[in-house]
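*Asks:* Using the sequences provided together with the hints, build the complete structure.
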Amino acid sequence: MTNTMPKIIRKTSPYLRRPNANAPRMMRDVTIALLPATFFAIYSFGLPALWIILTSIVSMLVTEYVFYQIQDLLQGESFKVINKQFSLYNFSAVTSGLIYGLTLPDQTPLWVVALSGVLGILLAKLLFGGMGQNIFNPAAVARVLVVVNFATLATYQTNIDGVAGATALSMNNADLFSADVLNHYPIMDLFTGIGIPGSIGETSALLLLLGGGYLAVRTSFEIRIPLMYIGTVFVLALAVAIQQGLGLWYPLYHIFSGGLMLGAIYMATDPITSPITKPARVYYGFALGVITFIIRIFGALPEGVVFSILIMNMFVTSFDYYKVTHPRFNRKRSLIFIAIIILSIVVTLVGVSYAG
Amino acid sequence: MIKKSRKVRDYKELTRALPTQTYLDPETVYIHLQNGRCKTYDLYVDEGDHVDFGEVIGVRHGGFFEQPIHATISGTIGKIGKKLHRTGRKVDCIEIKNDFKNTYHKTITDRPDHVIDKLDQDDMVEILKQKALVGLGGSGFPSYIKLATKETINHVVVNAVECEPYLSSDYRLILDRPEEVIMGLKYVMQALNCEHGMIAIKADKNPLYEVLTQVIERRYSDLNIEVVRLGNYYPQGWEIEVFKNALGIEVPHGELPMSYGVLGFNVSTTAGIYNAVKHNLPVVERYFTLTGDAINYPQNYRVRVGTSIQDLIRQSDGYKEDFDEVLVVMGGPMMGVSTVSDDVIVSKTTTSVIVLKNTEYKEEPCVRCGSCVYSCPAHLEPVQIMNAVKRNDKDQMKSLHADRCIECGLCAYVCTSKIHVTDYVRKAKRLIR
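Sequences listed follow chains A and B, in order.
Quick note: the first sequence uses my numbering, first residue 1, plus one each step.
Quick note: the second sequence uses my numbering, first residue 1, plus one each step.
Just so you know, these hints were derived from the structure itself, not from any lab.
Predicted model, so just to flag it, every value in this text is computed and none were measured.
Beta carbons: idealized from backbone N, C-alpha and C, even for Gly.
Treat the hints with caution; some may be incorrect.
Calculated from the model, a selection of chain B residues having no Cβ within reach of chain A, i.e. all distances over 12 Å [as the list claims (entries may be wrong)]:
(1) Val59
(2) Lys244
(3) Ile249
In silico contact screen, one side only, chain B against chain A (beta carbon under 10 Å); selected entries [unchecked claim]:
(4) Pro165
(5) Glu217
(6) Tyr220
(7) Leu223
(8) Tyr319
(9) Thr359
(10) Ser371
(11) Ser417
*Replies:* Here's what the structure looks like:
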């Protein structure tokens, strides 16, 4: 019966792989999840938003392409138009570029966008060895480069009443616990993002959550990180609200304003720059929340999200250190963790009572 | 794709519902003289000698035990040749040419029930030793050593979970011969003086549940035998996992289940124990699955031990012609061993041969998604072990307990980047041994 004998080759077990699981799909899902927020950004900020997003994506892609071409040439390989390592196909550079673009203020000059994008991906990703090797989130690094180098150039302009240089959060920065802010930005508007100034992609909490829901269904991100992150900010703000006699609007206002949703759902969950085990991811999300909240109410900057992400990126290796890491929760670690949660609430409240 | 994933697509529908094909009269059989546990052997027969079915033709020597070798058909002894073994080495095999008379050796006589009722542990151990019974699920561990335990055993568990994809030989065995399994369990319980027996099956295998419960109710209602249905995930058939889910007993790494009062046998082994005790038969035949997506007619077989796989592949109408490259896997697709040729034979411990088309998976860099850490049944961190292997950091491999890996293959199966993680962990195990 065996007319043509196939060649029998040898491999090692297992011989099956999980269908529908691949890294490009994971990255692509993040891009897809961001599309509603992207379209909303273009709708509310007009063409400048489109140009910013395009510039950020193209700057990162071109940098990566040129970098790998140069690397290949230095290694003495002949020029190929399609480079093997170039990650257009696995969507990681596109995703970074899109997230970076969405974190920018609408008045950012395009050359600032491009320069920071190039530096961001070069310093944070390519020099570390490419996809999977980086310890800092490229989008966060690029965003921080804009903040520290070009703060005066990248300004906000509201799309409704035209007050330049103010977001909902920087109002808060000037006067810590005034309900006054609600007159400018009602909670409902903060949630939907209609008429709210801010970075182009971060205004609508609703659409960002929608994308998060999509990612959760596709299991393309670790849902524990954003839950812990947003939850921590909410709980800390709630504690402050109770202490200062503010209403429930205060914690809601904290989680809906600024880049928290964008950062928590799309930047902090980048698997490459977050810890590996379940418990460590919970701790990581919690730490992000604490740092963000502390920068928000005590720091000089209105926004703590990207900074907290970069700070915690540095500690990922210690979360993953082989002598302390454990893939499951156990009683002792959980008790310590609960103690740390209580401690951080206390520290925040003491700090607030001194600041107030 | 960050999630704990223990569902492995099982492809058992290829063979599960088909009747078992009996193929007991091959032209020749080849009997392994060496195997993974026994390196040397003595042979009592020469070329041209006539042997009967079930006759002892030699003995294998293991490190601390001996294993008689039995003829599985009647016929004349042929040459000693080399054949591939599951371990990947070529080992000596003796050929027996079938005379199709099927004459039984004089030792193969039924043991009457009133004699069996009087057997105690030592007698049973002696029978299993004489009949060279080993773990037929693939481990090949001598069953008499297990049975000779001095610990008090409270539960005997028959492992019929068969969690590997594609395999359905245990399934067919229970459907066709439930009594052998139950009687085998009864004998083990009698030997160990144990009150509680348990047959563990997968939750989604309803026919098995019905067959077993009906037979137990009608004929063996005096025995305290329970049929438990365990979760439908991989690697549920891992003995430690079976004990944990069926009995709630957690056996820590490195300790023997016996010291926790529980003993497990594979379902084929249990049927083998029945045949050894009742009919004085060594393991001469077994249920065997020949399946895969690159073979024309996947089928379960009842075959003599020693049947050539090439014969069986011919029985199944050969390879599909659509593929240039195929894998021939002995054992399941998650833990089995791939061979370089189909010139292999069914040994006692071969549960299946799976012929798969060769799929090349495109490997991406690790994105640290953590699926392997979430999914690992032994609670290891495969990706960290992989990184340690890449750095050749043996301390780290030890601290991450790479030696606890059971090589179930789940980490590579779930990997989002299609990295062969299991291979790295295997390497770590070798390095720190």
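*Asks:* Beyond 12 Å from every chain A Cβ: check whether that's true for Val59 of chain B.
*Replies:* Non-interface label stands for Val59 of chain B: nearest chain A Cβ at 32 Å, farther than 12 Å.
*Asks:* Can we keep the Ser371 of chain B interface hint, with Cβ of chain A closer than 10 Å?
*Replies:* Because about 8 Å separates Ser371 of chain B from the closest Cβ in chain A, which is inside the 10 Å limit, the hint holds.
*Asks:* Does Glu217 of chain B hold up as a contact with chain A if the rule is Cβ-Cβ below 10 Å?
*Replies:* 38 Å, violated
*Asks:* Hold the hint about Pro165 of chain B up to the distance rule: shortest CB distance to chain A must be less than 10 Å.
*Replies:* 6 Å, holds
*Asks:* Do the numbers back the hint for Tyr220 of chain B, that is, is its least Cβ distance to chain A under 10 Å?
*Replies:* Since the shortest Cβ distance to chain A is 38 Å, the answer is violated.
*Asks:* Tell me if Tyr319 of chain B is really an interface residue toward chain A, meaning its C-beta lies closer than 10 Å to one of theirs.
*Replies:* Holds: closest Cβ of chain A sits about 5 Å from Tyr319 of chain B, inside 10 Å.
*Asks:* Is the interface hint satisfied for Ser417 of chain B? The criterion is a beta-carbon contact with chain A at less than 10 Å.
*Replies:* 5 Å, holds
*Asks:* Leu223 of chain B was flagged as interface toward chain A. Is the shortest Cβ-Cβ separation under 10 Å?
*Replies:* 38 Å, violated
*Asks:* Over 12 Å to the closest beta carbon of chain A is the bar; see if Lys244 of chain B clears it.
*Replies:* Check passes; 14 Å lies beyond 12 Å.
*Asks:* Should the interface hint for Thr359 of chain B be scored as holding, given a Cβ-Cβ cut-off of 10 Å against chain A?
*Replies:* 8 Å, holds
*Asks:* Just want to verify: Ile249 of chain B was marked as not at the interface with chain A; is every Cβ pair farther apart than 12 Å?
*Replies:* It holds; Ile249 of chain B is separated from chain A by about 19 Å at its closest Cβ, greater than 12 Å.
Violated hints, in rising order: 5, 6, 7; the structure is consistent with all others.
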